[in-house]
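**Student:** Taken in order, these protein sequences are the chains called U and Z.
Heads up: the first sequence is residues 1 to 255, going by my numbering.
Heads up: the second sequence is residues 1001 to 1313, going by my numbering.
The hints are simulated quantities; they were obtained by calculation from the structure and are not laboratory data.
Ideal placement from N, C-alpha and C gives every residue a C-beta, glycine not left out.
Treat the hints with care, as some may be off.
Covered stretches of chain U (chain Z as the covering partner; in silico rule of three or more C-beta atoms under 8 Å from a C-beta of chain Z) [what the hints assert, rightly or not]: (1) 57 to 66; (2) 77 to 83; (3) 191 to 201; (4) 226 to 232; (5) 240 to 247.
Take a look at the letters that make up each chain.
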Amino acid sequence: MDVLNLAHGSFYMLGAYAAFAVVSKTGNFWLALLLGPLSVGLIGGLMELLLFRRLYQRGHLAQVLLSFGFTLVFVDLVRSGFGPRTYGIAPPPGLGGAFHVAGASFTKYDVFILGVSVLVALVLLVAWRLLKVGAVLRAGVSDKEMVGLLGIDLGLVFTLTFAFGAALAGLGGVVAAPFVAIYPAMDDNVLILALVVVVLGGLGSIEGALAGSLLIGLAFSFGTFYLQEFSIAIVFALMAAVLVLRPRGLFGIRQ
Amino acid sequence: MPAVLLAVLISLPFWTPSRYWVSVAIQALILAVFAMSLDLLLGFGGMPSFGHAAFYGMGAYACGKLFPQLTGAGLLAFLVAGMAAGVIAALPIGALAVRARGIYFLMLTLAFAQMVWGLAFQWTSFTGGTEGMSGIPQAVPDWLQEQGQNLWPALRTAGPFYVVALTVAVLAFAGLTAITRSPFGRALEGIRENEGRMRALGYPTYRYRLAAFVIAAAFAGLAGATTALYNGYANPSQLYWHTSGLVLIAVIVGGTRSLLGAVLGAFFVTIVQLVISSYTEHWQLLLGAVFIAVVLFLPGGFISLGRLGWLKR
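Work out the full structure: start from the sequences and follow the hints.
**Tutor:** Set out below in structure tokens:
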């Protein structure tokens, strides 16, 4: 939807904390999987409705700055709510432990994550490519007035999309919660990596984001293995190279 | 206004109650130099860099890497080394980055800065890794050290270094003011407003933008060198995107397109970060909230409040 939101990492962090809160209160991970994205999506929707909406005409920089302010606010809110401690939660019952296939071992939770990722990717692709909401969004980004003239409430579509994006980031946080450390600055890494991925794949392209995340994941893993001192630099060099040589990204359509 | 500020700053060591406030002022002055350098790029050049910390950090690391050789040569050698490091890093990065506009420029500067950070963080054998480099001397000239100790014995080494930081900041302010008022600075603003027209007038806009990028990096390197001397170390956090973000906040909150605005913003950010944080741990909440409010309601920054009051038109 052509909005650059640096607070997206914060949504991920909020999702992880929501998972922690729900699991430590009720012990039910599946409830967290429902409530986490819902609450984060609600926060995202409110932010769009009250604040981001005012800034669309002022361009990307204003969005970057506003959302950057929010990353600071969210980190501190989380710190005041949960303290600076690092938390962790256990995988849900039934998904703990590992199994073995052909000599290699996988934890069950890894497979669960893989399943969720594939499911989310499929839903996004279908919505983006085949459903009306995807078409409206694509049209709304390229020509707001025209879409408005067709009688579509673009404001509502944008709010819902922003909320949905936030909910997805929250879902990411909930799903990640059992295997990462939950602490107030955990949004950092994810945010920058997500930016790299999206730039690499091409802004405004769901397929690109998928391909970009695979590429970055591979580059980072191999880099960590073979060129330990340069793995981070390689990832960002890749990002810079794509921006210089092909600013619309590997799969991007428009510039 | 600049004269009042300068008078307050010059007299500060004579009336301040403690070393603490002098050290706050030193850090604010260093951030002010850094923020002014970003303002040249963002305010005057219209180039929103989200990776300006790369050059700040490079200035600090240059001091860290070279201090065994430079200690004999004195303070000026360190400051020049910092600026040179900024320039050397900015030439290749700028050559690629200033081709991009808007959001792409922002992403590209972020990518390059994170690349430099990744190297500093991981390439332990060359950069010291997470520890960075320490043991950098303050390199305050002997005569100044002596004078400072005599004048303000209670301030100990903070007094003489305050003179260094204030001199650096004043010179940077004067230098950047001269640059922004020169024909070059005017042309840069013209390019920000309408690049096509400037090109049609015969200005090589790419070279102007690149020159602005390199000059900004030189002053960022100067700020980085000063902070390395004051703190005695260079470490990866000086290169991290948080540092780029913090200086961006300083410039936006204070007011872009005004060097004085950048200075005000730098003092505000430093005071929130250092002073407020000793009363409440939620300084980020305050800083973030003020930043959000400024972005939403006061796009001209603090400095625009003053303009409203004095020049009622």
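**Student:** Each hint: holds or not?
**Tutor:** Hint check results:
Chain Z is given as covering the stretch 57 to 66 of chain U, and this holds because 8 residues of the stretch bring a CB closer than 8 Å to a CB of that chain, at least three being needed. For the stretch 77 to 83 of chain U, the assignment as covered by chain Z holds, since 3 residues bring a beta-carbon within under 8 Å of that chain's beta-carbons and 3 suffice. Residue count for the stretch 191 to 201 of chain U with a Cβ under 8 Å from a Cβ of chain Z: 4. That meets the three needed, and the coverage hint holds. As drawn, the stretch 226 to 232 of chain U meets chain Z at 5 residues by the rule of a beta-carbon pair under 8 Å; at three or more, the given contact holds.
Taking a C-beta to C-beta cut-off of 8 Å, the stretch 240 to 247 of chain U contributes 4 residues in contact with chain Z, enough for the three needed, and the coverage statement holds.
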